[in-house]
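Asker: Starting from the given sequences, assemble the full structure and let the hints guide the process.
There are 4 protein chains.
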Amino acid sequence: MSSFGTLFKVTTYGESHCKSVGCIVENVPPGLDITEADIQPQLSRRRPGQSDLTTARDEKDRVEIQSGTEFGVTLGTPIGMVIKNQDQRPHDYSEMDDYPRPSHADLTYLLKYGVKASSGGGRSSARETIGRVAAGAIAEKYLYQAFGIEIVGFVSSVGTVHLENVTDLLNTLSRVQVDQYPTRCPDTCTSEKMTRRILEAKANQDSIGGTVTCVIRNAPSGLGEPCFDKLEAKLAHAMLSIPATKAFEIGSGFGGCQFPGSQHNDVYQMGEKGLTTFTNNSGGVQGGISNGEHIYFKVGFKSPATIGLAQKTASYAGVQGELKAKGRHDPCVVPRAVPIVEAMAAMVIMEYVIFWLG
Amino acid sequence: MSSFGTLFKVTTYGESHCKSVGCIVENVPPGLDITEADIQPQLSRRRPGQSDLTTARDEKDRVEIQSGTEFGVTLGTPIGMVIKNQDQRPHDYSEMDDYPRPSHADLTYLLKYGVKASSGGGRSSARETIGRVAAGAIAEKYLYQAFGIEIVGFVSSVGTVHLENVTDLLNTLSRVQVDQYPTRCPDTCTSEKMTRRILEAKANQDSIGGTVTCVIRNAPSGLGEPCFDKLEAKLAHAMLSIPATKAFEIGSGFGGCQFPGSQHNDVYQMGEKGLTTFTNNSGGVQGGISNGEHIYFKVGFKSPATIGLAQKTASYAGVQGELKAKGRHDPCVVPRAVPIVEAMAAMVIMEYVIFWLG
Amino acid sequence: MSSFGTLFKVTTYGESHCKSVGCIVENVPPGLDITEADIQPQLSRRRPGQSDLTTARDEKDRVEIQSGTEFGVTLGTPIGMVIKNQDQRPHDYSEMDDYPRPSHADLTYLLKYGVKASSGGGRSSARETIGRVAAGAIAEKYLYQAFGIEIVGFVSSVGTVHLENVTDLLNTLSRVQVDQYPTRCPDTCTSEKMTRRILEAKANQDSIGGTVTCVIRNAPSGLGEPCFDKLEAKLAHAMLSIPATKAFEIGSGFGGCQFPGSQHNDVYQMGEKGLTTFTNNSGGVQGGISNGEHIYFKVGFKSPATIGLAQKTASYAGVQGELKAKGRHDPCVVPRAVPIVEAMAAMVIMEYVIFWLG
Amino acid sequence: MSSFGTLFKVTTYGESHCKSVGCIVENVPPGLDITEADIQPQLSRRRPGQSDLTTARDEKDRVEIQSGTEFGVTLGTPIGMVIKNQDQRPHDYSEMDDYPRPSHADLTYLLKYGVKASSGGGRSSARETIGRVAAGAIAEKYLYQAFGIEIVGFVSSVGTVHLENVTDLLNTLSRVQVDQYPTRCPDTCTSEKMTRRILEAKANQDSIGGTVTCVIRNAPSGLGEPCFDKLEAKLAHAMLSIPATKAFEIGSGFGGCQFPGSQHNDVYQMGEKGLTTFTNNSGGVQGGISNGEHIYFKVGFKSPATIGLAQKTASYAGVQGELKAKGRHDPCVVPRAVPIVEAMAAMVIMEYVIFWLG
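Going down the list, the protein sequences come from chains A, B, C and D. Counting along the first sequence from 1, when you hit position 70 you're at 70 in full-length UniProt numbering, and nothing is skipped either side. Counting along the second sequence from 1, when you hit position 331 you're at 331 in full-length UniProt numbering, and nothing is skipped either side. Counting along the third sequence from 1, when you hit position 212 you're at 212 in full-length UniProt numbering, and nothing is skipped either side. Counting along the fourth sequence from 1, when you hit position 161 you're at 161 in full-length UniProt numbering, and nothing is skipped either side.
None of these hints come from the bench; they were simulated from the model. It cannot be assumed that every hint is accurate.
No copy labels: a pair is met if it fits in one copy or bridges any two.
Stated by the list, open to error - Mimicking DSSO-like on lysine-lysine, the simulated pairs with C-alpha atoms at most 27 Å apart in a straight line are: (1) K19 to K84; (2) K312 to K273; (3) K19 to K60; (4) K193 to K19; (5) K84 to K326; (6) K273 to K202; (7) K84 to K60; (8) K273 to K116; (9) K141 to K60; (10) K273 to K324; (11) K84 to K116; (12) K141 to K326; (13) K141 to K273; (14) K326 to K116; (15) K141 to K116; (16) K324 to K141.
Here the structure is a predicted model, which is why all the values come from computation and not from measurement.
Answerer: Spelled out as structure tokens, the structure:
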């Protein structure tokens with residue numbers, strides 16, 4: 001299905017080469033100031049053609065609000081948003097008529113639907129995420145205005161280049177700071193290494209994976225559910241629904257599973273507003289419910305499947321051959337993935353907040 | 001909420017110290033042979049008191065089917081199941097009246113509900129998972145009979161002891177093989193190291209974390225959805241909803257994100273029944289949809305929060321003190337978590353299969 | 001599916017001749033006083049064997065709360081409830097082995113599931129409604145305590161015997177008053193006529209239909225949704241999900257559709273707490289949202305399908321013959337349907353209230 | 001919420017005076033031929049300005065498919081549709097700034113959202129139904145191609161003018177026949193009486209209600225669910241979600257509730273393809289599941305609330321006064337409601353069909 005959320009529900013439509021992409025956002029609280037100017041910045045952070053590190057495909061990605069607001073104020077009714085597809089070149093990928101791209105969705109879509117969408121990969125295209133980012137921007141504005149909630153994502157690794165001491169950044173890092181680096185990794189030295197790694201992949205007509213880390217600050221305690229809808233479960237669901245993701249961890253993650261309870265437990269101390277934890281290995285969530293500490297998590301993105309480098313592989317017809325993908329594509333998705341991760345995080349928090357507030 | 005799934009829907013109830021725990025399972029296909037004997041084995045693999053490595057709390061965990069079958073055959077109507085709580089000792093944990101256990105749900109439940117459930121942690125208790133395992137056993141039987149689907153989980157790490165060459169095991173490993181090891185890690189040498197690590201934690205009145213890896217064999221291709229409900233997204237949701245989980249990865253996971261596309265892509269070759277992939281870094285899922293290869297993933301479990309070792313922490317009242325948790329608790333949950341992981345995997349696959357088949 | 005509601009979600013299980021029937025109720029607010037004593041009265045109003053007008057099948061229908069409360073107070077966790085089936089006589093209906101009962105679910109269940117449940121009609125049995133009534137009783141208690149909401153149903157027709165001036169009763173009628181009449185029609189003369197009509201049907205081994213009218217008093221304004229989930233739409237859904245129902249109308253209903261707007265519109269006047277309507281043809285709902293007036297509606301129940309009188313009909317095998325149904329059955333369901341209608345109304349209101357309140 | 005359906009899910013957006021209205025339709029089967037030409041006819045049957053009997057507001061209501069098809073064939077991905085609002089005159093209804101229209105949603109929206117949408121009534125506008133009709137047209141095409149399912153609605157009453165012998169029409173009536181009458185009541189004499197009644201209301205600046213009857217032919221048996229999601233329950237939900245509806249009945253409806261079982265039961269006979277019923281008081285549904293007979297039902301629509309005739313009523317401020325609504329409005333909605341009823345019926349059947357088929 002193409003909806004996310006039950007109370008704050010986002011439904012998206014659109015493929016790579018159709019007329020427009022967009023979404024309908026339900027249950028945006030009434031009385032919120034929202035215009036296109038609130039949404040465009042995150043779309044622009046997501047859009048292709050931002051730097052040498054991303055695909056040259058040039059899309060303006062201008063959002064147009066269709067409904068749900070009057071004079072820039074939300075009515076409580078669904079917000080329809082449309083973003084026209086401007087740069088459609090459906091014939092670039094001609095070799096794909098013969099070959100399913102390895103590790104792409106070409107074959108599985110065909111197996112599932114029995115219909116082969118035109119070049120571009122259909123719904124598995126990264127353009128599907130535009131509606132998510134637009135919807136997330138609305139959620140973010142509300143969350144910030146109502147609670148001061150801040151959501152900041154950043155690139156924490158590219159290939160084997162890892163940002164160290166990630167948790168030190170969580171208290172104060174801002175998007176402005178993150179955007180000072182073309183990689184969106186907020187450390188000069190590491191960012192430069194990542195840039196070189198991405199440009200190397202680009203030069204090789206290859207690609208490279210990486211990770212995005214994200215922090216949610218100022219989320220109230222009590223968000224989440226005890227059983228199947230734990231906060232971390234919905235975050236994991238949200239993040240693994242982003243194209244090209246392979247892994248998710250909250251708080252101390254896989255690494256934390258190596259420690260004994262006596263070292264891993266977040267003991268309590270009295271703070272100004274109540275009990276706080278001394279450490280935050282839990283990543284702000286205990287028993288599926290937020291405890292008021294920073295919620296932070298990491299998402300793994302594989303290297304993009306579409307590469308220009310020749311791959312020995314079989315065609316749809318089962319004939320062994322060689323595929324060199326043409327067309328424009330990103331050598332590494334993580335810089336552009338940052339606003340998508342933020343958007344999905346905002347949707348998850350918004351869902352719980354609406355349930356919590358009514 | 002306490003439901004998982006839309007078409008194959010499982011709804012659970014029950015806390016640690018109530019009359020019974022149980023579940024209602026909707027949309028079990030009619031005409032399936034199901035009796036308690038199909039369900040009890042997985043409950044017995046999950047139950048406490050199996051070995052020195054688990055809690056001494058003794059629960060028979062006998063399932064009783066209430067509805068939905070006649071003469072051992074499913075009717076297509078909801079299957080109600082009840083498992084009585086036999087060993088209730090609500091007064092063991094008396095110190096918890098004063099202290100929220102660090103990294104447990106005691107405080108967040110109180111923040112959310114404003115009601116403090118009696119000792120035992122209420123719905124965050126591991127007994128909540130009994131209903132899941134019972135429901136999963138029904139799904140598994142159907143999946144095996146209809147498609148030959150096999151789901152096998154095993155312990156892949158305890159603390160810093162990691163099982164090597166995990167992917168080599170995926171083709172043939174069976175539950176019978178797994179259960180020959182008290183740790184459920186199917187390698188004699190590694191299992192012994194893990195046993196020592198768990199017993200060390202137990203001796204220290206401490207606890208230790210670990211990981212469970214799980215493979216789903218023979219799942220048909222075409223299961224999954226393109227966008228928000230990708231197969232890996234629902235698996236991640238399912239797994240992170242299990243108590244004490246911190247991380248999820250599918251296929252090559254976080255490690256795979258370090259590789260370039262030219263190495264990570266799973267190129268195609270012609271097989272007997274159609275295209276297959278040469279490698280399986282994708283973990284059997286591409287673009288959110290199964291491709292017919294083994295689906296495999298890893299789940300991280302933190303060390304149990306409840307430990308006998310003294311912890312310097314604050315009481316509910318905000319007074320600094322020392323908590324030594326009494327009562328019975330597991331030093332390490334991963335051996336008992338194996339059937340829970342399998343059950344959740346079965347539910348996810350069943351959901352897609354029912355949608356796929358109607 | 002066997003769930004009703006999204007936020008206040010009730011999931012039921014159980015057929016006529018299984019071990020027990022029951023339900024799981026999710027999202028009951030924490031801190032509510034609930035014991036079996038709050039639930040049993042409505043179950044007893046629903047149960048068979050109350051008077052000469054109902055089936056002689058004797059079921060105690062004793063509810064046992066399994067979870068979700070401690071010391072009689074709700075925890076916020078799911079409430080599991082079990083009601084044992086005590087009086088099982090699966091062999092009474094032997095002729096049904098050959099004949100699908102006309103206008104019963106025997107044939108459609110077989111067409112849908114391909115499995116014939118034993119005598120008793122399986123999930124189409126009226127015993128399926130027990131879980132609904134138990135869940136509704138919890139909702140009602142909360143709604144009354146939190147808002148003073150009162151829900152009162154009564155029989156407004158049996159066959160061609162109709163209660164006149166129904167709207168006059170809506171302001172003050174109570175369940176105690178309703179229960180003074182064996183028919184649950186709160187008018188001595190009309191009730192007596194109804195009694196005669198039902199006894200006539202019983203004497204003839206025939207059956208008779210009727211209607212139940214229900215009023216919800218003191219519901220706050222603002223409950224409901226603009227579009228697909230209008231308050232009247234969910235009420236209609238809820239009521240038409242009760243076995244044997246054929247029709248639903250809110251406020252002035254079908255009759256009101258004959259009038260011009262100038263007569264039908266509910267004009268406003270200033271009241272103590274804000275604008276109120278002079279008339280209430282709307283039945284307390286405008287544009288899908290409650291306006292604070294009494295919400296009232298009527299539900300039509302057909303005559304029970306199972307009758308002792310001979311029916312010329314075809315067997316499963318397609319052979320024309322004669323069916324005389326044996327076993328115990330109600331000549332008229334409306335007296336016993338009253339608490340079921342009330343329960344479904346309570347669930348609908350509770351759903352909106354939880355969404356409204358958070 | 002603004003979604004209808006779980007498997008065949010339609011999500012709509014749009015108010016009276018926003019940029020566009022539209023919808024996203026999920027789970028349209030792949031490989032279906034769909035272009036705007038399949039959708040426009042039903043939109044044109046719904047649109048204003050068709051005859052003297054409807055509002056003069058002139059809207060072209062041209063649908064534009066945004067996504068989900070390529071070369072006129074569905075891909076299996078969501079179909080986005082946009083219909084621009086062309087004739088926006090937000091200042092016509094100026095008196096409404098002071099007065100909530102009696103029996104309209106003006107007051108309840110304000111109570112719910114605390115925001116007053118501009119003149120036109122916001123989401124309660126009939127323009128909200130455009131997305132429904134567009135989505136229904138897609139469902140209808142599939143249902144007809146796959147099963148030969150035909151859905152035909154018609155006007156069965158206006159005010160006190162009722163069409164007689166409605167059930168005689170159910171076997172063969174077509175939309176072409178219905179559209180030969182400006183009232184969409186397929187009987188010359190009755191239609192003329194209705195026309196006079198509507199023109200009388202128009203001349204009086206008043207309005208009048210009526211009913212729409214609808215038949216679904218060739219639906220396969222086995223559609224529906226036993227308990228909360230009975231076929232008639234979802235139909236009732238769907239119909240009562242249409243603006244201005246007050247009542248729903250299936251098959252023999254309220255009238256049938258007056259008859260004894262011996263007369264009302266639909267006895268079986270052997271037909272060509274299996275058992276059929278001799279009569280069809282059940283309206284094609286037994287125990288919530290279709291039995292293969294015609295599914296038919298009736299929906300009641302009240303007289304439109306917005307009338308030019310003076311109404312003595314209170315203003316928002318609580319001051320007694322007189323409201324004469326200006327602007328264009330329908331004196332009677334039932335002729336234009338016919339395609340809306342058909343669309344909602346198609347959505348309900350499609351939901352079950354997709355579940356049934358997978």
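Asker: Evaluate K141 and K273 at a C-alpha cut-off of 27 Å and name the case that applies: within, between, both or neither.
Answerer: within (25 Å within a copy, 34 Å between copies)
Asker: My question is about K84 and K116: at a cut-off of 27 Å on alpha-carbon distance, are they close within one copy, between copies, both, or neither?
Answerer: Classified as within; 23 Å inside a copy, 30 Å across copies.
Asker: When no copy is specified for K193 and K19, does a C-alpha distance of 27 Å or less occur within a copy, between copies, both, or neither?
Answerer: neither (39 Å within a copy, 47 Å between copies)
Asker: Check K312 against K273 for me: Cα-Cα at most 27 Å, and say if that holds within a copy, between copies, both or neither.
Answerer: Close across copies (20 Å), not inside one copy (61 Å); limit 27 Å.
Asker: For K84 vs K60, is the C-alpha pair at or below 27 Å within one copy, between two copies, both, or neither?
Answerer: Classified as both: same-chain Cα gap 9 Å, cross-chain 22 Å, threshold 27 Å.
Asker: With 27 Å as the alpha-carbon cut-off, assign the pair K84 and K326 to within, between, both or neither.
Answerer: within (24 Å within a copy, 37 Å between copies)
Asker: For K141 and K326, with the copy left unspecified, which applies at a CA distance of at most 27 Å: within, between, both, or neither?
Answerer: Answer is neither; intra-copy 39 Å and inter-copy 38 Å both fail.
Asker: Within, between, both or neither: how does the pair K273, K202 come out at a Cα-Cα threshold of 27 Å?
Answerer: neither (50 Å within a copy, 36 Å between copies)
Asker: One pair to classify: K273 and K116, alpha carbons no more than 27 Å apart. Within, between, both, or neither?
Answerer: Between copies, since 20 Å is at most 27 Å while 57 Å is not.
Asker: Since the copies are identical, ignore which copy is meant and state whether K19 and K84 lie within 27 Å (CA to CA) inside a copy, between copies, both or neither.
Answerer: both (6 Å within a copy, 15 Å between copies)
Asker: Is it within a copy, between copies, both, or neither that the alpha carbon of K273 lies no farther than 27 Å from that of K324?
Answerer: between (59 Å within a copy, 26 Å between copies)
Asker: Tell me, please, which holds for K324 and K141 at an alpha-carbon limit of 27 Å: within, between, both or neither?
Answerer: For K324 and K141, the Cα distance exceeds 27 Å both inside one copy (43 Å) and across copies (41 Å).
Hint violations for this structure: numbers 4, 6, 12, 16, all remaining hints satisfied.
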